[in-house]
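Protein chains: 4
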Amino acid sequence: MTSRLEGIFTPHLVPLDARGQIDEDELRRYIEWLIDRGVHGLYPNGSTGEFTRFTPDERRRIVRVVCEQARGRVPVLAGAAEANVVETLKACETYAAYGARAVAIVSPFYYKLSPESVYAYFREIATQSVIDVTLYNIPMFASPIDVPTIRRLADFPRVIGIKDSSGDLAFMMRMIAAVRPARPDFTFLTGWEAILVPMLLVGCDGGTHATSGIVPELTRQLYDLTRAGHLDQAMRLQYRLLELFDTMLYSADFPEGFRAAADLRGFAFGDSRQPLSDAQRIDRSALARLLQCILADFGVIDAPAAGCAPRAGNLQRDKVAQIAHEVIQTLRERGVV
Amino acid sequence: MTSRLEGIFTPHLVPLDARGQIDEDELRRYIEWLIDRGVHGLYPNGSTGEFTRFTPDERRRIVRVVCEQARGRVPVLAGAAEANVVETLKACETYAAYGARAVAIVSPFYYKLSPESVYAYFREIATQSVIDVTLYNIPMFASPIDVPTIRRLADFPRVIGIKDSSGDLAFMMRMIAAVRPARPDFTFLTGWEAILVPMLLVGCDGGTHATSGIVPELTRQLYDLTRAGHLDQAMRLQYRLLELFDTMLYSADFPEGFRAAADLRGFAFGDSRQPLSDAQRIDRSALARLLQCILADFGVIDAPAAGCAPRAGNLQRDKVAQIAHEVIQTLRERGVV
Amino acid sequence: MTSRLEGIFTPHLVPLDARGQIDEDELRRYIEWLIDRGVHGLYPNGSTGEFTRFTPDERRRIVRVVCEQARGRVPVLAGAAEANVVETLKACETYAAYGARAVAIVSPFYYKLSPESVYAYFREIATQSVIDVTLYNIPMFASPIDVPTIRRLADFPRVIGIKDSSGDLAFMMRMIAAVRPARPDFTFLTGWEAILVPMLLVGCDGGTHATSGIVPELTRQLYDLTRAGHLDQAMRLQYRLLELFDTMLYSADFPEGFRAAADLRGFAFGDSRQPLSDAQRIDRSALARLLQCILADFGVIDAPAAGCAPRAGNLQRDKVAQIAHEVIQTLRERGVV
Amino acid sequence: MTSRLEGIFTPHLVPLDARGQIDEDELRRYIEWLIDRGVHGLYPNGSTGEFTRFTPDERRRIVRVVCEQARGRVPVLAGAAEANVVETLKACETYAAYGARAVAIVSPFYYKLSPESVYAYFREIATQSVIDVTLYNIPMFASPIDVPTIRRLADFPRVIGIKDSSGDLAFMMRMIAAVRPARPDFTFLTGWEAILVPMLLVGCDGGTHATSGIVPELTRQLYDLTRAGHLDQAMRLQYRLLELFDTMLYSADFPEGFRAAADLRGFAFGDSRQPLSDAQRIDRSALARLLQCILADFGVIDAPAAGCAPRAGNLQRDKVAQIAHEVIQTLRERGVV
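Note that the protein sequences, when read in sequence, are chains A, B, C and D.
Heads up: the first sequence is residues 24 to 360, going by my numbering.
Heads up: the second sequence is residues 24 to 360, going by my numbering.
Heads up: the third sequence is residues 24 to 360, going by my numbering.
Heads up: the fourth sequence is residues 24 to 360, going by my numbering.
These aren't lab readings, by the way, just hints derived from the structure by calculation.
Incorrect hints may have been included.
Identical copies carry no separate label here, and so any pair may be met within one copy or between two of them.
[As the list claims (entries may be wrong)] Computed list of lysine to any residue pairs in SDA-like fashion (alpha-carbon distance at most 25 angstroms, straight line):
#1 135 - 45
#2 113 - 84
#3 113 - 45
#4 135 - 308
#5 113 - 295
#6 113 - 167
#7 113 - 81
#8 135 - 302
#9 113 - 79
#10 113 - 293
#11 135 - 272
#12 135 - 77
#13 135 - 301
#14 113 - 299
#15 113 - 298
#16 135 - 179
#17 113 - 150
#18 135 - 175
#19 113 - 40
#20 113 - 179
#21 113 - 78
#22 135 - 189
#23 135 - 277
#24 113 - 41
When you get a sec, could you build the whole thing from the sequences and use the hints?
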């Protein structure tokens, strides 16, 4: 199974039960739902999947469950970063055995490493991994992987692609210009769904998009419209999805906004392992109400019985005002004010 | 003359003579050359034009010369930011009298102002200016203008557009989504030519591009191809121009790389008012040789007699290596090594 | 007059009249008041003095007035940065003629220059200036001057010191370690009064402190206590001044908080040339009330007739709460709520 | 054993054997050596100890070995951050059983959390931990803990202190001013040894310093001199240690420079789990030679047989030149050039 990676891969959330443990049944139900709605692949242990908040054993379990449930219908790109090169290579081996198509390995984080150290790290993995590797560049969270380093790492056949979450379109072009001449098979995936259509236009192969875990039918439609050359329709949908994306991303600490939205699609994702303060719990319920309105506009769920206030486009200030409004309404319901 | 601003405006460089004074004849010859090669408009006193390095009187002189030379053939968007609101309004008046189509006013710089202060500053100008105003957002150099602030400022009819040099495509979409419903006439210009084609795709009206001062025939072609829907051809040209843009932008402190390239087109731009160290002078001559090779590939000038080393795409490391190579060659010629 | 620069220099504000013009009488009265209260020197055209918001002629006038009024009683360190090297050198000449002791020249701003360009810029000035030069490093606003560059520039006898507003104590130590062996006469001034006592401890010669324009008697006392070796007393005063400093610095866009405080000392500084929005005007009057309480605790002015709410130390959140409280009180007085 | 934490705690490195496994014998020998040379406490699983590069089991083993070896002679402050609150609390329990005096818990990393989320995270731990907790603020690597959040967390008796590695002296003062009135027992430790003396001057209780793992006798001396009021002598030593600190910190990716220095003290720390490229291996051997010269100046080890080049103070550029010189010398020895 050495097909090229392309399309929309879902860096899915992980449902937790009341005790904070992985809810395997709900996870399987969710994976099934995603496949049904047309995602091209699955991406367990991504940033959206809160991989750092699970233990090494839990990360393995998540990949196992996802591979089992996918049953080869869609490829699995498994996040395999562990504490060090040796542990990461062990995870690679395990995920290969589970049937993953490839692994995605985030650049070293916590310490901010120089390009030379980033290269040294990935070189070790590239020369020893038993499974294809995609680099994962997310400079807001981890040591950046710059273009010359990507070019050097593309010399290793095991490195088959990169997922970039910088959201920088010119950077995507620079990567493609540097690598594609020598490696036409190299895959470029963007993690920034706000601009998927333009990313595909410049030659990107697809994306790993948290939003595809919320509205998989719509991100698939966005991809298909673009591939079919219907750019006007695609851009209209892209603009509509931008409001949803921005609201999920900026109205709470990532990925809490996505967890709130996923619940609205009929799943019980439970509380994240990152606790919420009392103030945050109130904010979250206001956010959920707003998200319900946005999702209802797409027709994928029903609007709240109480109706929706008019929204003012992708405007953070207004969104804050709207949330403030909802907070006060919530407080009133609870008799606080 | 209240036509909508669109197309490629050139934020042109200013030629200086041996004494460091504005070389008016060369400036007129350059403006004529730009108009001949199809730029849609002219933008004196932009960042590329080193507006901060001129005195208030010199800035006026530059706009006057450009307006005179343009003679209404193309619109002039004049950079009008001065020390404070009162001085800026005086410049607005002067530039209106010179026949400028509109002014561009950069957000306050040096001090990093809050959104509320940025709003207060532009509100004063918007309510008192005698000429149409475009906001100028360049967060790497000046106080950022955020989306809610742009939305608020779009309530003033005098504010007719924004030029954004962040290079952030999603930000461009957020501005358009926030402002266009209420102001369909509002103009969005990007200052980031590396991604002009995708910017136009999402609804941007054009750009103010330093590169159009170097290869105006090519940036015009890029714009026309995109507008005509020939996206594949446009993207191929966009990729080729990326190498030129990156080399001019990253191989020397801005805008020295553009000055070096402009000389190669047959003009005598002279030394910038920002002095160069001895080491920088050597680097600059190596850079000029490299730029000559890149420009020759486009067929707009001849290659150096000594020939060109093969280049390795948009790869900074290789570019550095190439420059190092050229430096050593230069030193050899001078008998230093 | 080639005495070494040391002690506290006041980067003073500039009073403006109702038409926004320099209020020369008030400026002279203010300068007199500062000298009476023991400042060691005066620093016109600093960042606190909003030098970028004046025209070149106004900057000259400010220095002239200050030099005239000081009449040699205290040295004047004149901010002399203009649009380019030639203009800056002209200002140097003028300020020398006015009797300034030295000039302070901020690193080039707007464009973010490389260390080599910063060096080239100051080298030109260092070799041509007719008056002693202090470098001015303020990395939050202008191109940083790094330690190797300072070391190189210290080779020029005209460069007699540096004012550093980074607030980074280890950086101050690195500068001193790099420069003092070769230039024992070189002066190191800190612009970060929050930690003046520790700065003096590591070998710094003094500071240019906006706070000394508000409570000159206290910053002088702080300096004298430290120089006399009364570190315990000095640190107690340093802690008390920290609250005042933080409130002036962080409760409004710089230097508006300092303008508000200066008014409380009995001067009419008028409106800044950076306009305020309506919301900011309300905030400013609340801030003024809070500052009056803080200043009254030092015994330098009277407390407000309405009394002061208890404060909770240097705690931003509480400060915001207190301001919010004051805002509501203000709105009530105006009958708004 | 509920004594207040104060003095210098060593965030020690972990020796690895040829297979990359923890070298327990060498670790015990190292801990013994540190205690012999007067460190006040030990801090396993800190950033210097590369805690993220070990597995949860290995982190436990490290703390166990250190507690066993310390045998109560000095307190152990154990880094206890794990993947989530539940795992962290388990580690707290284990480390309490091992006899640790307290745990240090770094703010959540990878995701950049808001202050409210940072509060929620630590509140969970503060209310459930069986052992005293110190907060660990290292904004260059992890979500910042701001002053209002520290103030709120100081309401929990289990939270007994904070270790701050920002190196910002004014921030240290703000923390002390905000917390100490209500919690006079609260401990403030700095992780920025470059300015330990000034930190102690403003009221800090001590530090956790990587440098104390290299020259424990000198950092102890620095602390004792300051506490005894010999500030002049202390500052002279502080300046001398600055060169060592800067070289270890900035000449390689952290903490590789410290590993290189520790080897010079007679230990076999082996290769870090973060691999080095070939170029980095050459750099490292040059760095080791330079470090040997610096350490020899302190008299703690012998100078290299080949002698030492003169150094030029704390000047990065010169240091780079010196390293370049050493690299070339190394290459010559290997016959490469």
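Checked hints:
no.: 1; hint: 135 - 45; result: between (31 angstroms within a copy, 24 angstroms between copies)
no.: 2; hint: 113 - 84; result: both (14 angstroms within a copy, 21 angstroms between copies)
no.: 3; hint: 113 - 45; result: both (22 angstroms within a copy, 18 angstroms between copies)
no.: 4; hint: 135 - 308; result: between (36 angstroms within a copy, 22 angstroms between copies)
no.: 5; hint: 113 - 295; result: between (27 angstroms within a copy, 18 angstroms between copies)
no.: 6; hint: 113 - 167; result: within (24 angstroms within a copy, 33 angstroms between copies)
no.: 7; hint: 113 - 81; result: both (14 angstroms within a copy, 16 angstroms between copies)
no.: 8; hint: 135 - 302; result: between (32 angstroms within a copy, 19 angstroms between copies)
no.: 9; hint: 113 - 79; result: both (11 angstroms within a copy, 16 angstroms between copies)
no.: 10; hint: 113 - 293; result: between (30 angstroms within a copy, 22 angstroms between copies)
no.: 11; hint: 135 - 272; result: both (24 angstroms within a copy, 13 angstroms between copies)
no.: 12; hint: 135 - 77; result: both (22 angstroms within a copy, 17 angstroms between copies)
no.: 13; hint: 135 - 301; result: between (33 angstroms within a copy, 20 angstroms between copies)
no.: 14; hint: 113 - 299; result: between (34 angstroms within a copy, 20 angstroms between copies)
no.: 15; hint: 113 - 298; result: between (31 angstroms within a copy, 17 angstroms between copies)
no.: 16; hint: 135 - 179; result: within (24 angstroms within a copy, 32 angstroms between copies)
no.: 17; hint: 113 - 150; result: within (14 angstroms within a copy, 37 angstroms between copies)
no.: 18; hint: 135 - 175; result: within (20 angstroms within a copy, 30 angstroms between copies)
no.: 19; hint: 113 - 40; result: between (28 angstroms within a copy, 20 angstroms between copies)
no.: 20; hint: 113 - 179; result: within (19 angstroms within a copy, 41 angstroms between copies)
no.: 21; hint: 113 - 78; result: both (15 angstroms within a copy, 13 angstroms between copies)
no.: 22; hint: 135 - 189; result: both (16 angstroms within a copy, 15 angstroms between copies)
no.: 23; hint: 135 - 277; result: both (21 angstroms within a copy, 8 angstroms between copies)
no.: 24; hint: 113 - 41; result: between (31 angstroms within a copy, 19 angstroms between copies)
The structure meets every hint from the earlier list without exception.
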